[in-house]
Amino acid sequence: MKRSNLLKLVQAAMDEYDVYGPVQRRTTWVFDKIDDPNRIDMDYDNTMMSLKKFFIPSKEVMMRFNLREMSIDDSLPDVKAERPQLLVGVHACDIHALLFLDKVFGGKYVDPYYVARRENTTIIGLNCIDPCKYGFCKSVNTHMVNEGYDLYLTPIAGDKYYVHVGSPKGDRLLTIADKLLGEATDEGHKAFKTSMKHKHKSLPVGLHLDNINETFDMAWDDPIWVRLGEECMNCGSCALVCPTCYCYDVADELDLSLSGADRTRKWSTCLYHDFALVAGPHNFRGDPSARLKHRFYHKIRGALHDHGIIACTGCGRCIEHCPAGISVKDVAYELQKRWVGAPVVKGG
Amino acid sequence: MVQITLTRTNEYLPDLAKLVKKTKLTEMESLFEFEFLDNNVRKYFTYSPGQFVQVSIFGIGEAPFSVSSTPTRPGNLELGIRQTGDVTDAIHNLNVGNVVGIRGPYGNGFPIDKLCGKNLLFIAGGIGMVPLRSVINYVVDKRDDYGKVTIFYGACLPDERVFVDELENVWPNAADVEMHQTVDECHETWQGNVGVVTCLFDVCKVASENTVAMICGPPVMYKFVVQDLMKLGFKGDDILLSLERKMQCGVGKCAHCQIGHKLTCIDGPVFTFSEVQRLQEAI
Amino acid sequence: MGDNGKPTVGIFGFTGCAGCQLNILNIEDHLLELLELIDITTWRMVKSENSKGPWDIAFVEGSIAKQEEVERIKTIRENSRILVAIGTCATHGGLPAMRNFQDIDEMKRIVYGEKNDHLDVIPIKRVADYVHVDHELPGCPMDKDEFIRTVKALAVGKTPNIPNYAVCYECKIRENACLLKENKFCMGPVTSAGCGAICPTYGATCEGCRGPVAQVNWGAEYKILKEMGATDDDIKRKFLKYCPVVADAPEFKELNF
Amino acid sequence: MATEKIEIRHITRVEGHGSLYVTTKDGKLEDVKMSVDEGARLFEAFLVGREYTEVPEIACRICAICSASHRLVSTRAVEKAMGIEVDQQDTNLRKLLVWGEYIESHILHALYLALPDYIGHESVISAAAEYPDVVKIALELKKLGNDMQILTGGREVHQVTPMVGGFSAYPTHQDLEHMKERIKESRPKLQTAIDVWATLEEIPFERKTDYLCIRREDEYALVDGDIATLGGLRAPVEDYKSYIKEYVPDYSFAKAGTMNGCGFFVGALARLNINNDHLLPFAKKTLKQLGIKLPSYNTFHNNAAQLIECAQVFEMTEQTIDGLLSSDLEWHEPKVVPRGGRGTHIAEAPRGSLLHSYEFDKNGLLKKADIIAPTTMNYVNMEEDVRAFFPLIGSKPPDEIKLYLNRLIRAYDPCISCSCHVTETSGRT
Ligand SMILES: Cc1cc2nc3c(=O)[nH]c(=O)nc-3n(C[C@H](O)[C@H](O)[C@H](O)COP(=O)(O)OP(=O)(O)OC[C@H]3O[C@@H](n4cnc5c(N)ncnc54)[C@H](O)[C@@H]3O)c2cc1C
Ligand code: SF4
Ligand code: SF4
Ligand code: SF4
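Quick mapping for you: the protein sequence lines, in order, are chains A, B, C and D.
Numbers given in the numbering used here equal positions in the first sequence, counted from 1, plus 38.
Numbers given in the numbering used here equal positions in the second sequence, counted from 1, plus 50.
Numbers given in the numbering used here equal positions in the third sequence, counted from 1, plus 188.
Numbers given in the numbering used here equal positions in the fourth sequence, counted from 1, plus 976.
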């Protein structure tokens, strides 16, 4: 498919979907609502906020209480009735993040709001054939995707995309695209292989995952946590921009008439003072550096235990947006070096 | 135990329940008895000892509370609640007939079936008795299924003890139950033991053989109790701890109750000491 | 409670710019609803007939900057069930407390000449330095939504939910490009949120008007600003700007300017 | 009859804390003292040593009600000292900001604070029950003014976007168009408020005094111009010291301004008296409807003048937005480099002329500040007015005397928080 045709596809899809895509904002990019396809910047490096905002909004009303009648009005039907959303230009790492969130919000108890939004969303993925500034996807095996997209675009020579179809939703989208997309030619197949070769050569590798759990088991008392504790301000930026951090707070907010109330949830982060604070008061993680450490342990050791994969997709957002310049990649690398020997660094 | 669970489309939506009875336990704690409004819920709502429910006061918030009644006595849900913050204040201000929201039960609870045939040692501190009361009464009701029962209970002051009637009159008189109490501070009306709960190990010799210990109390208590139990020869798997953490969702999503890689609400609140031993920051 | 069953409220101005009181008036959309909820019995800026208390809730704006105000705040405290300090002047002393670092007598002389005995001027302090304060709504000016939420919470006996995490939370959620990355001296990471990160959202650096966040780590922010080329003087000015009282905090003293 | 004292401790429904003490002997006026009881904050003392970029941000905290004006005047004074030019687009945005403040502040004063007296209420709160419609309109108009300040300044009180050299963020074309629509739609509401005012009973009181404001020959000057008086003075703002003198009364925290040894009036009525030749049609019509003959020497007309100015600002806003819609409104970093120097600016805050004058060292740190707020300028005039007004009401019962004196002071729309701490200092001590 020609690049210019993608814009036409987006234009056509706008009748049916709320379309979101990467657009530039000052020194960063954001996934923003698209009313003019020309605003989409498919060459973006990385967005500041990940896609989680489309599935667990930073603040959402879960239900409303009527205090006069003592009744509950669930917001789930409203969520289900939202216009379908189409996300354009989603990098592989972010698709992996969604696959991880699927595990968290599924399981024994399903989070119906998340699932409803997930079902209501169509994703056009975008294969990165050149590395972004802070990412390290290849180190954590998230540079390739087998599932989680509806269409997947690989940029190939001649300002074109090589398109994979990943689901019936993707097929459905193609009916809108109709004449915008041709059957891949031999030349196209060849160009695809060239792009992929280029990709594998250009993406660097800096960690190895095989021993990451042992490393973290051993590193609990490592002096690095004291050092990071001094640098980290517990501002939470890392967790907020992280595509797999999902902690939230729940609170009831009364109407001014005091006759009704919303139960809302909003993002929180385990870095905040009150996160593990209970009535009493007793704080289970009262020490700021303990909270920073917890974030690392939960994401790496904990997620591996619970879901078999680490909760880091190598997107590099927390590295880019940490005001103190703390890098999860460097921390993991340093610990590996100290506890199990230096990982072999391959590639570009 | 077979549980018929109610199917819900939205796990977060509470069921309505009304307060039917309120009994003062101490200055700070009361026992609240709730009855679900919906017939179906009333019929199918079951739980096992050690599980908890999430109680909503609409407009104020939601908080987790262990169930204090026992499923062996079908009827209403009893919760023993200490007044310490917004939700608990509001619960204490409820009048009989007022409606709240309740969802659950959540958490693993005590592995009550696996404990059949064992001797049981209960160690509770303060309102840690709330979840243990559920197990104790369960065992008392199914007395033949379990071995010897020993109960250690510690509170700061005599009048800070909860369920005094059961402590003084019911459990000591049940078959093959040994009951010991202590208070932290000496008090003129108190003739019994004085000292923290671990001092009861000197008063009553417990054998670790074929015995499982169940512990619930304030955060500081666990470490010392476990040390003493280990000295007595208890194995990690035979020590069960009911832990408390901050909770918002109760169903493993909000991540507040995370201890290392475990979620208190799903993997717990009851853990064996073996599990906890390998978990940093747990006790 | 007043005769009508509504909580009685007094709104008081001490030394300040009246911005927090004005922000109550600025709640145009909900002012009438708010008046349904509470009974404002004292508010000199808006009313001519003012009660002498008691009040269920007293909202106090401004810092304590003269001896006469010390007595007045004590009287208000004695006559109020709940006392809420509104705005940074009341919660942290505010900008004008910067003058505490200078010699007041000398300053009075320069400003008003030798004949300055009639001037009642004492070091500027926050309300909590003199009386017990139940809740604090910081911000220069106080955030009006936070005020509404507080009134609602207090009306039902709930604890007002005042954030004690960093401004970066709100800044990130609004998806602003980080100003520190543009080499601008933003105080977001060490400042309490609650303002909706309004300054960074409009491209202006956070100046720390809501006061330090819980367990503030100034050392780390110091290092960041230093690396960006700020001098010790720049940083000190910045850290002490809206909340000069923090100069007394041990975390601040550790910085050893 | 012996000596009697009338004390109005705490003039209500004004910003800040002030009191009025009147002494009479045998029913005759002996002495009048206005005292400002606000705690002194000594802004200029701690402004010294601050960076030029943050001076306007700190200075606007002198007063919340006129924060936009303080911000603008302070910024312009800094820019003049640094030799920074600001383009037409940014100048226009600043105008919108200040005009938003005009609408908000005038409505607040005329309808929330002054009107209750005319309709027999102690406050707008108590009036709300009897006149819900008027109060609703007042709320909506005030919100309009606030939203205009938010549009350009980011916040209604203590704006965040204005920077030395420009802005840190710009509104979009859409937002501006939307604002223009709202102004248009709000005209009938303002008209209703004016209609209500036209029915009120006037207080007859006249006293000849001089009036001061800024003036330009091309428009109704509010943000930039020369010093002008009704008496015919024209002078560049830099020369203010030759005309405006200040002294500190020994019973007050504030300084008091005089011109030629007498009090003078600043505020809406002064501007109307001096600049009425630039009124646009809506304001002209309003002036006629309210039946005010210019020049007017009746202080109580100041409230009516505020409503006339609202009408004027409505129309000026529409014109200015039209101008802005053709500029790009792209964000650009203000280009500023510090240098030493002096800068003085005077603009019209809603309640009168406001002056900031600074001197900076070569690193752009403030060396010296002089700030004169409107209420400082009006101070002496207020006391003189009380003297002249008292004989007209002296025979009334004490409560009524107090009420009338309160109303007279209130007519000035005094901003007492501004008036004090606004003093001159030099050098760090
Ligand atoms: C599994 C479990 C069982 C519990 N059983 C009981 C019981 O049987 N009886 C009893 O009195 N208390 C029990 N607690 C503690 C009880 O949940 C807290 O006392 C209660 O949450 C305090 O809420 P609050 O709104 O009154 O306090 P606030 O301090 O106002 O708390 C606000 C919110 O923070 C969270 N929170 C605060 N403290 C705790 C805490 N200790 N644990 C979990 N979340 C907290 C809640 O979400 C609460 O709504 C239990 C806690 C857990 C985790
Ligand atoms: S972004 Fe950096 S400073 Fe902020 S909490 Fe995360 S690691 Fe700490
Ligand atoms: S701009 Fe300031 S508040 Fe926003 S993320 Fe950066 S440091 Fe934090
Ligand atoms: S961003 Fe900072 S300076 Fe601005 S309002 Fe918020 S706390 Fe105050």
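Misleading hints may appear alongside valid ones.
Claimed, not checked - Here are the simulated distance ranges between beta carbons:
| no. | chain 1 | residue 1 | chain 2 | residue 2 | range |
| --- | --- | --- | --- | --- | --- |
| 1 | A | E157 | C | L443 | 28 to 36 Å |
| 2 | A | D255 | B | R123 | 25 to 33 Å |
| 3 | D | D1002 | C | D291 | 28 to 36 Å |
| 4 | B | V70 | C | N288 | 35 to 43 Å |
| 5 | A | G196 | C | L443 | 56 to 64 Å |
| 6 | D | P1373 | C | G193 | 44 to 52 Å |
| 7 | D | G1208 | A | T65 | 33 to 41 Å |
| 8 | B | T96 | C | R362 | 44 to 52 Å |
| 9 | B | W240 | C | T347 | 33 to 41 Å |
| 10 | B | G245 | C | R362 | 50 to 58 Å |
As the list claims (entries may be wrong) - Calculated from the model, a selection of chain C residues having no Cβ within reach of chain A, i.e. all distances over 12 Å:
| no. | residue |
| --- | --- |
| 11 | D244 |
| 12 | Y353 |
| 13 | T379 |
| 14 | K411 |
Keep in mind the hints are simulated off the structure, nothing from the lab.
Glycine included, C-beta positions come from ideal geometry on N, C-alpha and C.
Quick rundown of the hints versus the structure:
Against the hinted window of 28 to 36 Å, the Cβ-Cβ separation of E157 of chain A and L443 of chain C comes to about 52 Å, which falls outside the hint. Roughly 45 Å separates the CB atoms of D255 of chain A and R123 of chain B, a value that falls outside the hinted 25 to 33 Å. In this structure, D1002 of chain D and D291 of chain C break the distance hint of 28 to 36 Å, their C-beta atoms being roughly 48 Å apart. At roughly 59 Å, the beta-carbon separation of V70 of chain B and N288 of chain C lies outside the given 35 to 43 Å, and the hint is violated.
One distance hint, 56 to 64 Å for the beta-carbon pair G196 of chain A and L443 of chain C, holds here, with the actual separation near 58 Å. In this structure the supplied range 44 to 52 Å is violated for P1373 of chain D paired with G193 of chain C, their Cβ-Cβ distance being about 36 Å. The hint said 33 to 41 Å for the Cβ distance between G1208 of chain D and T65 of chain A, and at roughly 55 Å that hint is violated. For the pair T96 of chain B and R362 of chain C, the beta carbons lie near 46 Å from each other, so the given range of 44 to 52 Å is met.
Checking the proposed 33 to 41 Å range against W240 of chain B and T347 of chain C shows it holds: the Cβ atoms sit about 35 Å from each other. Judged by the Cβ atoms, the range 50 to 58 Å given for G245 of chain B and R362 of chain C holds: they are separated by roughly 56 Å. The beta carbon of D244 of chain C is kept farther than 12 Å from every beta carbon of chain A, the shortest such distance being approximately 15 Å. A beta-carbon of chain A comes within 12 Å of the beta-carbon of Y353 of chain C; the shortest separation is about 4 Å.
At roughly 10 Å from the closest C-beta of chain A, the C-beta of T379 of chain C falls inside 12 Å, breaking its exclusion from the interface. With a least beta-carbon separation of about 7 Å from chain A, K411 of chain C fails to lie farther than 12 Å from that chain, contradicting its non-interface assignment.
The structure shown violates the earlier hints numbered 1, 2, 3, 4, 6, 7, 12, 13 and 14.
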